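Undergrad: In case you want the letters, here they are:
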Amino acid sequence: MTDSSKRDMGVKYAADRIAIERPRLREALDFLVDILAVQRELAREVVSPALEPTLPRVREAARRVGGGRSLLDLVDLPELPPSAWEMIALKILEVIRRHRRDLESHVAIVEGAIKSKRLDIRGLAESLLSGGGELVERESERLGVEAPLMETLSLWLAQTLLRSLSSAIAGEIGFEGWREGRCPVCGSHTRVGYMRGEGRKLYLKCSVCGTEWPFQRIKCPFCGNEDGQTLGFYTLGEDRRFRLYFCERCGRYWKVVDEEEAGGQIPAELYDVWTSHLDAIAKRKGLR
Amino acid sequence: MEYGVLVVVDRCIGCRACQVACHVWNGTEAESTEFSPDYTNPPDLTSNVWTVVRFVEMGEGDGLRWYFVKRQCMHCVEPACVAACPTGALHKDKDGIVLWDSKKCIGCRYCVEACPYGVPHFDPLDKTIRKCTFCADRVREGLEPACVAACPTDALIFGSLDEIRARAEEYRAKGHPVYGLEEGGGTSWIYVFPKETAPSDAGLPRLGPETPRERIDKGLLALAMAAVAGLAAWGVSRGKAAPAAQEVKVR
Amino acid sequence: MVEWGILIATYLFLGGLAGGLFASTAALDAITRGGIRRTSKLGALVSWVSMAIGLILLLADLGRPEHAFRIMLAPHMESPMAWGAWVIVIFTVLGLAYWLGLSDFGGEPLKPLRSALNRIKDLLGALGSMFGLMTAAYTGILLGFSRQSLWRPWALPVLFTVSGIATGYAVLMYLVHRTGEDVGLSPAGLSKVELIVGVIELLVALLYVATIPTPARGAIASLTSVNGVLFWLGFVAVGLIIGEILLPAISLRTPEKAPSPALVLTTAALVLIGGYILRYAVLYAGQVA
Ligand code: SF4
Ligand code: SF4
Ligand code: SF4
Ligand SMILES: [Zn+2]
Ligand SMILES: [Zn+2]
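Those protein sequences? They're chains A, B and C, same order as listed.
Under my numbering, the first residue of the first sequence carries the number 19, and numbering increases by one thereafter.
Under my numbering, the first residue of the second sequence carries the number 10, and numbering increases by one thereafter.
Under my numbering, the first residue of the third sequence carries the number 58, and numbering increases by one thereafter.
One chain only, chain A, in its complex shape (with noise of 0.2 angstroms):
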């Protein structure tokens, strides 16, 4: 067995482990193990060859990260063929097709579209960085399809180039300089973290592109307030594996899997589910 079908394996039973204790995460994991695996593999069979020659480029930016300013900030994003995209797009069509039957109608008209080369694929991609949600609007008016699909799948194009990324310039970037709660290679924020180790240190994770980076244990990831009486966290009772923190500054939240109490036998990729429970308590707090 190859390393990379040993590393989807342990997803998938890391999966099992969180579907045991809450049975109704099963169909969300289930999807998410599969997206997970389907770009891995993009990542590698078709992302990685293709940013071979940005690489150099990349790399020099990625050690000037830092003062604010994130790897994007720095550099364009990568340029990708189209007909990497093309497979992207259809490769992560498939997974949705696997999982929601229900929308198997709207999947076919977007593959359609997609064979037919009247989807702008990248152009996908980039919306969902730069925020903007108009184009994902746009594209789903004009094709009659739900809405949520497109952002789910301008999502899924987005990380499986940013992860690639994120894996090819690990270990250039110094994160000294980045005292952001936002992530230092994609500019997304972020509401997942860890503590690890024997003085728990926090990492926070990019939802997008997987990047991890040390932040500060005080400190709100997105207003940045460092004021220790307007920031605190909760815990659900006996079980202190997670840590729902807030800022009362900002009224937002953020979520942190202590792993000294949880063990290292769910990788970090599925911490955003494992949690989820924790955002219907934020929900009800008011938090956001």
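Treat the hints with care, as some may be off.
Claimed, not checked - Facing chain B, from chain A, some residues (calculated, C-beta under 10 angstroms):
no., residue
1, Ser23
2, Lys24
3, Lys30
4, Ala32
5, Asp34
6, Ala37
7, Ile38
8, Val125
9, Phe251
10, Gly282
Keep in mind that the hints were calculated from the coordinates and are not lab data.
Since the structure is predicted, the reported quantities are computational estimates derived from the model, not experimental observations.
All residues carry an ideal CB built from backbone N, CA and C; glycine is no exception.
Once you have looked at the hints, place chains B and C with the ligands on chain A.
TA: Just chains B and C with the ligands now, kept in the frame of chain A:
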């Protein structure tokens, strides 16, 4: 309901996905230092290797080929390990799964010697016996065992023991050698072998139908005979002494 | 892989010795109607100490000796090891009581206890012989409940029992010699017993080897393996044929004369060495076969 697994040897391609799955699920990976990290061919089960795919040669000359036989705890219907364990640390649960309680294990390793399949191994670090758990933490939650879930060719079939036994009977009727229906009282993991092969070539012991309980009864009989012999030896000696002693008195 | 090693081999040997020695001692004591108090006392003591050392070795071999109490307090009674443990503990208590009844241990304060025990000496001797031979047999039965083909023949517990008697008897002969007490039997009679036990043991040993299933037999029957050499040379040739058969036969040639101290000592030593090698070879060969 008791669980069972049918191992259809014919379908196994020797990919060892089950081995990896077992390590991944049970977290036994990190501690196995004796073997190459990619698990190519661990020679035997250990306290950290709960399943192993054995490569068996078949045929000769040009016809030479391999077949693959996965080994793990058989979760015997009447487990010798459970019978041997002096503290009840090893036990068979209602669902047929043979598990151990590390708090009760005293580390005597009797189970290691008793198991016909060489399955349990004592872990010097954990100070307890360790072996395949039938993934009780999965199957009791409605999932398949990790190894079964990982098998790409459906060589491993998970189900109720009754169903598995029935399937094994079908294969037997078609002329396949089957292992585990009767041996030593039967097992929960039952093997279907390719025609023209023998389970003993794959290292499965030729066990008669004698169950551990029956063997223990013979042991008890032997013990009783020793008791009688001890008593008799003393009694005879005593009897020899009596007349001599009386003679002394008379004189 | 060798799971049970030297500690267990020694324990098996000591268990057999303790059982055989007690049974021989109690028998000789019964024959003489208690006429060999010093010998009996010594025999019981050596037997008890052997068993105690054996138990310590057994504990030392456990992965978690601090949990050994479970065998006694919460045993799984189906397990041969569990009932064996009870047999041994009862035997140890009986042996201690038997010895105490004969000794002066504990002076005045223990006197009532000692005389009470002395009064039931016959009962203790009978029960002790019973549990002694059970202990000796159990060491073989323990191995018999295993997957090892070398340990499964029913002749093995018989062999271990007879060997236990032989080693125990050899030690007893040495003790008789040391105390110089009159055992009421002629030296020839004593040697004859030894010779008979030796011949029986030889037959059982051959029977044992013959009843091992073929593929496994080589591990002990073939002289190409270390254990085979140990078994045939150490146990059969030295311990059995020389120690238990030839040497007693030599003393039989001078039936009236007590055997020389050197002869008694040599006999005991050879028999003990042979008995030890038997346990060692069977235990190790069983796990590699
Ligand atoms: S295979 Fe061995 S360890 Fe497993 S249940 Fe049977 S006797 Fe016990
Ligand atoms: S080693 Fe542990 S589990 Fe095995 S028989 Fe001894 S006490 Fe029982
Ligand atoms: S059932 Fe579970 S513990 Fe047993 S071999 Fe399969 S994966 Fe390993
Ligand atoms: Zn990112
Ligand atoms: Zn804030």
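Undergrad: Determine for every hint whether it applies to the structure shown.
TA: How the hints compare with the structure:
Interface restraint check for A/Ser23: the shortest CB-CB distance to chain B comes to about 8 angstroms, inside 10 angstroms, so the restraint holds. Taking 10 angstroms as the C-beta cut-off, the interface hint given for A/Lys24 holds, the closest approach to chain B being about 6 angstroms. Annotation: A/Lys30 was flagged as interfacial toward chain B, and the flag holds, the nearest CB pair being 8 angstroms apart, inside 10 angstroms. The closest approach between the C-beta of A/Ala32 and any C-beta of chain B is roughly 9 angstroms, which is under the 10 angstroms cut-off, so the hint is satisfied.
Against a cut-off of 10 angstroms between C-beta atoms, the interface hint on A/Asp34 holds, since the closest Cβ of chain B lies about 6 angstroms away. Interface restraint check for A/Ala37: the shortest CB-CB distance to chain B comes to about 8 angstroms, inside 10 angstroms, so the restraint holds. Taking 10 angstroms as the C-beta contact cut-off toward chain B, the hint placing A/Ile38 at the interface holds, the least distance being around 4 angstroms. Nearest Cβ of chain B to the Cβ of A/Val125: about 27 angstroms, over the 10 angstroms cut. The hint is violated.
The restraint placing A/Phe251 at the interface with chain B is violated, with a minimum CB-CB distance near 29 angstroms, outside the 10 angstroms limit. Satisfaction of the interface hint for A/Gly282 is found here, the shortest Cβ-Cβ separation to chain B being roughly 9 angstroms, below the 10 angstroms cut-off.
The structure shown violates the earlier hints numbered 8 and 9.
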